[in-house]
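**Q** Dock chain B against the given chain A, drawing on the hints supplied.
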Amino acid sequence: MMTFQMTSNWAAPRISLRWIPVFRRNFLVWRKLAIPSLVGNVAEPLITLVAFGYGLGMLIGTVSLNGTAVPYILFLASGSICTSAMNAASFEALYSAFSRMHVQRTWDGIMNAPVRLDDVVFGEMLWAAFKSMFTSVVILAVMLALNISHSPMLFLALPLLGLVGVMFSCIALIFNALAKGYDFFTYYFTLFLTPTMFLSGVFFPRDQLPGVLRVASDWLPLTAAVELIRPLFLGHWPAQGLQHLAVLVIYAVIGFWVALALTRKRFSS
Amino acid sequence: MNLASAAPIFSIQGLTKKYGETTVVNNLSFDIKPGECLGVIGPNGAGKTTTIRMCLGLTAPDAGTVSFYQPGQSALQMPHDALAIKDKLGIVSQFDSLDPDFSCAENLLVFGRYFGLKDAVIKDRIPKLLEFAALTSKANAKLSELSGGMKRRLSLARALVNDPQLLLLDEPTTGLDPQARHLMWERLQRLVQQGKSILLTTHFMDEAERLCNRLLVLDHGKKMVEGTPRQLINDNLEPDVVEVYGVGALALLESPLKSLAARVEVSGETVFFYTQDSKRLLEALTDYPQLRTLHRPANLEDLFLKLTGRQIREDA
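Going down the list, the protein sequences come from chains A and B. For the first sequence, counting from 1, position 129 maps to 128 in numbering that gives the first Met the number 0; every step adds exactly one. For the second sequence, counting from 1, position 191 maps to 190 in numbering that gives the first Met the number 0; every step adds exactly one.
None of these hints come from the bench; they were simulated from the model.
Quick list of in silico lysine-lysine cross-link-like pairs, DSSO-like style, CA-CA up to 30 Å:
| id | chain 1 | residue 1 | chain 2 | residue 2 |
| --- | --- | --- | --- | --- |
| 1 | A | Lys-179 | B | Lys-150 |
| 2 | B | Lys-141 | A | Lys-179 |
| 3 | B | Lys-150 | A | Lys-31 |
| 4 | B | Lys-87 | B | Lys-17 |
Chain B is faced by these chain A residues, among others (derived, beta-carbon under 8 Å):
| id | residue |
| --- | --- |
| 5 | Arg-24 |
| 6 | Val-28 |
| 7 | Gln-103 |
| 8 | Arg-104 |
| 9 | Thr-105 |
| 10 | Gly-108 |
| 11 | Ser-267 |
Heads up, incomplete: computed chain A residues facing chain B, CB under 10 Å, no partners named:
| id | residue |
| --- | --- |
| 12 | Ser-15 |
| 13 | Leu-16 |
| 14 | Arg-17 |
| 15 | Pro-20 |
| 16 | Trp-106 |
All C-beta atoms, glycine included, are put in the ideal place defined by N, C-alpha and C.
Next up, chain A with everything else stripped away, as it sits in the complex:
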């Protein structure tokens, strides 16, 4: 008697073009709700920018970064756009993806058709990254309108912010695969993303951190994002750009692989 050969949950992702209809499904829903969701995605980061940037900026004036004085609003804007990309991707890949996966059983329906779970997860990941990218574009446009920076290198910041969205979508999908309910995501936001924000040099330079935290912060995904994107706002190339780029890619690849393995495990039981 022949028995089923089950491949390991940790086998390499098998991606085909069937992720496209999964992405398009989400796009069609979003098109109906784009305006309210735009307000939510963009208003909050801009309020933070205005309140802290102009408010605190008045008190602080400039921040010393590698010996150069940088206006606080510029320092903050270049960091907070990374935070916005992170939050937008994480929110979509946690709350929204979980609704589709668990609450509405959308994924179960999709897999009744000839679509592999790998393609569903990949489509969801790219979708969350797309929404993050969309948020980044709008915020960047507002920053340009406010004349916070007009460095031509900002155009390079966009694809990098896209990669930041991909990376945080991949990481968030790990927690999506493990979640029993929405409450679980509160832990992820308060215990991981919020500390990450304060340790990655978004609000103040990282050299003010005590030794141990400083070392920890070197390896945070958001640190790599800020270190890559902030110099572009200031009009020069990032130091150790390739290293930071590699950190983003490694987090994204490992994150996706783990997320897929855990999601396969969740769906095989």
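**A** Showing chain B alone in chain A's frame:
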């Protein structure tokens, strides 16, 4: 079409699934022929849904094979050919997985895309599918505006978007009112007439008797019996049932009347006499005017209860 001699379109052989110490599906085998409706009936926890999940490659069996056959082509096997098999299947699962954010027509369009169908092809099929589901007037209605029966019919229409050869329906009428159920039956009969094959699980014996060419009773993951509804009743049951209830009915169990029945069962205050000779039994019962009787032919429900027992199961 002569179903008995036709080659099967779908076949499972020796399928077994264990969860820890519990064997949920135990060495199960069956075939489905083209244009045949096969019903799988069994109590809750009998292994019906696990069987369907294994047919879809969603749950990996511990042993056994799931094969799909097409004329003139080599057999497709789960899980290796899962995508090629699903391309030919239509699935209505026990719980609706329709998209609440979409209208009826959008649900069909989005689902058709998962099969790699072009939008033009799907949009061409949508009016026919909506008409089949009696939802033409609801094409642009939101899902929240639909009744339970409409949602089930939309699920069925969605399962037909790829023009499948075999439909797997897991309790398609559970929770529907009689009108909605009859409409669903009528549509399923139409599909069988069109030559589609159906694998159906159900709790409703009238549904199984009405729709299925062949039935399989499953309990504790094992096949108890298999055959046409009529043949199963004839082979396993006495032709007549006399139900007796009222004050003192249970005392009949001690009376000589009992010998007139081949088999006697008790459920609550009712005594069921299964008999070859209902005439003599009914005559004898005229001596007990205070008792009420119901005389009827044996049916599938009697068979089901004989095979799987009358008691409620705590784990179900």
